[in-house]
Amino acid sequence: MRTTTTPLQRIWEFFVEKLIFLSGFTAIIFVVLLFLFLLKEGLAVFKTVSPQEFIAGKSWYPISKPPQFGILPLILGSLAVTIGAAAIAVPFGVASAVYIAEVAPPRLKEYLKVGIELIAAIPSVVIGFIGMVALAPIVANVFDLPTGLTALSASLMLALMAMPTTVSIAEDAISGVPREYKEAALALGATHWQAIYRVILRAAAPGILAAVMLGIGRVIGETMAVMMITGNSAQIPHTLLQPVRTLTATIAAEMGETMRGSPHYTALFAIGIVLFLITFIVNFTADLFLRRAEARR
Amino acid sequence: MVAPNTGDSTPAKVATRDLSVWYDDEQALKSISLDIRHNELLGIIGPANSGKTTFLRTLNRLIDRTPGIRVSGQVRLDGRDIFQDIPVEELRTRVGMVFALPVPLPMSVFDNVAYGPRRHGIGNRKALAELVEESLWAASLWDEVKDRLDEPAMNLSGGQQQRLCIARALAVQAEVILLDEPCSGLDPVSTSMVEDALVGLKENHTIVLVTNVIAQAARISDRTAFFLMGELIEVDGADKLFTLPADERTAGYIEGRYG
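If you read the sequences in order, they're chains A and B. Quick note: the first sequence, position 223, residue 645 per my numbering, numbers continuous. Quick note: the second sequence, position 108, residue 1561 per my numbering, numbers continuous.
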C-alpha cells in the first residue's frame, strides 16, 4: 500500500520533531544556565577571600567587621549530619528491604511497603517540627546535654527521611533478583539466610548501592528539617552531640538578610557551588560503582 | 497404582510410598510409589503438567517454598524419611538439583563451584581448590574452564554453564542428582556433552533426569518412568519401555499422541 503525505502533514511532522528536540534540550540548557548563574554570582566572593580561606577557614562570621567567610564548619556540619544519618539509614534500610522482599508474608509485605512510602509523604517541615518538639528533649535528657538540637537529632530525623527512598529502591533491586538464584543456592544446601547474604544481596548489590546513594543525596540536600533540628551553630563539630550548621541551612537562613551583590551574598552562592559539587561527586561515584558492578556480572 | 518396583535385591537409594502432592485443591501427584536404585540413571518422561517437575522438587524439598503446598505419603533417602529424619539443608546437599535453565550464580566460575562447600565450612584454600577441580573434572568441564576460573560464570556458554551447575552439585558431595530438563535450552553438541557427563557420573551417583525429549531418555537412561496427569503409569528398563510398553497410554505418548 502506498501512503501519500500532504504538505500539511510534512510541516506538522517537522514541527513536532523540532518541539520534541527542544523539550529534550531545554532540560540540559536549564542545568547549564543554573550552574553558570551559580558560578557568576558565587565566584565573586573570591575578590574578598581566597579560595583556600573560604574552604578551609574555620570561622563563619559573615556580619562581623571584617567579615569572615570560612565554610569549613559548615562543610563538617553537613558531613556529620550526613554520615550520622547514613550510618542509621543504610543498615536499617537495607535490612528492612531484605525483610520486605524476602521474608515478610505477602499480606504484611503490602502493608509495610505502603507504610514506608507514607513516610515519604511527610513534609520535611513537619519532620523538623517533630524533631524539635519530640526528639530533641529526649536526646537532651538521655545524654544530659544543655540542648537537644544536635547533629545526632538531625541524623535521626534525616535517617527517617532517607528510609523511604533507600528501602523502596533496595527492595526493588532485591525483588528483581531472579528466583532461580535463590533456589539454586537453596538446592546446594544453603540456609535461607546464607542464600540471602551470599547470593541475593550480591546480585542486587548495584541496585542497593544506588538506593544508598540516592538516600544520601536526599540527606545532603535537605534544608528545612536540618535548619530546625541542628541548632544552627556554625562550629566545627567534635562529636555528634554538638549543635552544628549545614551548608543548606546557612543559605536558607541568611539569604533573606543579605544585600544583593555584597560579599555575604556572593559567599552564599559560593556555598551553593560547593553543594552542587558535592552532590555531583556523590552521584558520579554512585554511577561509577554501578558501572563497575555491571561490568563484573 | 503401580506396585513398588524394586526389581533387584539392593535397597533403593530413594524410595517414595504413596506420595501425593496438592497445590491448594489441585492434586499434582497421585500416590506415587517408586524406587530409585543405587547409581542408576532414571529418566522421567511425560507431557506437560504430568507432575514430573513436582516429583523432582519434592525429592529435595524445594517444594516446601511453594505457597499452598500439601504433601502426603513418604519419601525415604537410604531408608530415612526426608521430611522427618533429615535436616532440610543436609537433604539438599545430598540430593542436588540442576534446573532447566542454567543458573550460574553471579560470581566467578571458581566461586560458583566453591559456593556450596564454603557454606558447609570448608575454608582451606587448597582443599577448596582440589574440590573444585575434582567437581569440574567429574562434570567433564575442567579442560574447558581450567584457565578461566576467575571469569564471571556468565561468560561461559550455555552448555558449559549447565555442566558448571552439575559441578556445583557435585562439590557438595551430592549422592543423588536431580535434573529438570537440563538440555532444554542447549544445542545438540552441548546436549551431547551434558549427556556424556551424566553417563560418566552414574558410576558414583544416582541420577534422576526429567526430560521432554523422549529420545534423550531412550539414549542414556537405565530405566524410564512415564508420568501422566500426576500418576506414575509405568516404569521399566529403557530397552523395554520404549519398544514394548506395558500400558497403552505409554505407547500413545511415545508415539506422540499427547502433547
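By construction, these hints were calculated from the structure, which means they are not laboratory data. Heads up, some of the hints might be wrong.
Label-pair distances were calculated between CB atoms; the ranges are [as the list claims (entries may be wrong)]:
hint, chain 1, residue 1, chain 2, residue 2, range
1, B, N1502, A, Y619, 34 to 40 Å
2, A, T661, B, V1541, 55 to 61 Å
3, A, T701, B, N1502, 50 to 56 Å
4, A, T701, B, S1610, 51 to 57 Å
5, A, P527, B, G1532, 32 to 38 Å
So these bits of chain A aren't anywhere near chain B, every CB distance computed over 10 Å [stated by the list, open to error]:
hint, residue
6, F437
7, F443
8, S518
9, P528
10, G611
11, Q616
12, G639
13, A708
In the DSS-like style, the derived pairs of lysine-lysine whose C-alpha atoms are separated by at most 30 Å in a straight line are [stated by the list, open to error]:
hint, chain 1, residue 1, chain 2, residue 2
14, B, K1693, A, K604
15, A, K604, B, K1579
16, B, K1599, A, K604
17, A, K462, A, K531
18, A, K480, B, K1599
As the structure is a computational prediction, the values presented were derived from the model and not from experiment. We treat Cβ as the ideally placed atom computed from N, Cα and C, and that holds for glycine.
Hints, one by one, checked against the model:
1. N1502/B to Y619/A: 34 to 40 Å: holds, 36 Å
2. T661/A to V1541/B: 55 to 61 Å: Roughly 48 Å apart at Cβ, these two residues miss the hinted range, so it is violated.
3. T701/A to N1502/B: 50 to 56 Å: About 55 Å separates the Cβ atoms of T701/A and N1502/B, which means 50 to 56 Å holds.
4. T701/A to S1610/B: 51 to 57 Å: Given range 51 to 57 Å: violated, Cβ gap about 43 Å.
5. P527/A to G1532/B: 32 to 38 Å: holds, 36 Å
6. F437: holds, 46 Å
7. F443: holds, 38 Å
8. S518: Holds: least Cβ distance 22 Å, greater than 10 Å.
9. P528: Violated: least Cβ distance 8 Å, not greater than 10 Å.
10. G611: violated, 3 Å
11. Q616: violated, 5 Å
12. G639: For G639/A, whose nearest Cβ neighbour in chain B is about 26 Å away, the distance exceeds 10 Å, so it holds.
13. A708: At roughly 20 Å from the nearest Cβ of chain B, A708/A sits farther out than 10 Å, so the non-interface label holds.
14. K1693/B to K604/A: Distance ~39 Å between K1693/B and K604/A Cα, so the pair is violated.
15. K604/A to K1579/B: holds, 28 Å
16. K1599/B to K604/A: holds, 27 Å
17. K462/A to K531/A: Roughly 50 Å between the alpha carbons, so the hint for K462/A and K531/A is violated.
18. K480/A to K1599/B: With Cα atoms ~59 Å apart, K480/A and K1599/B exceed 30 Å; violated.
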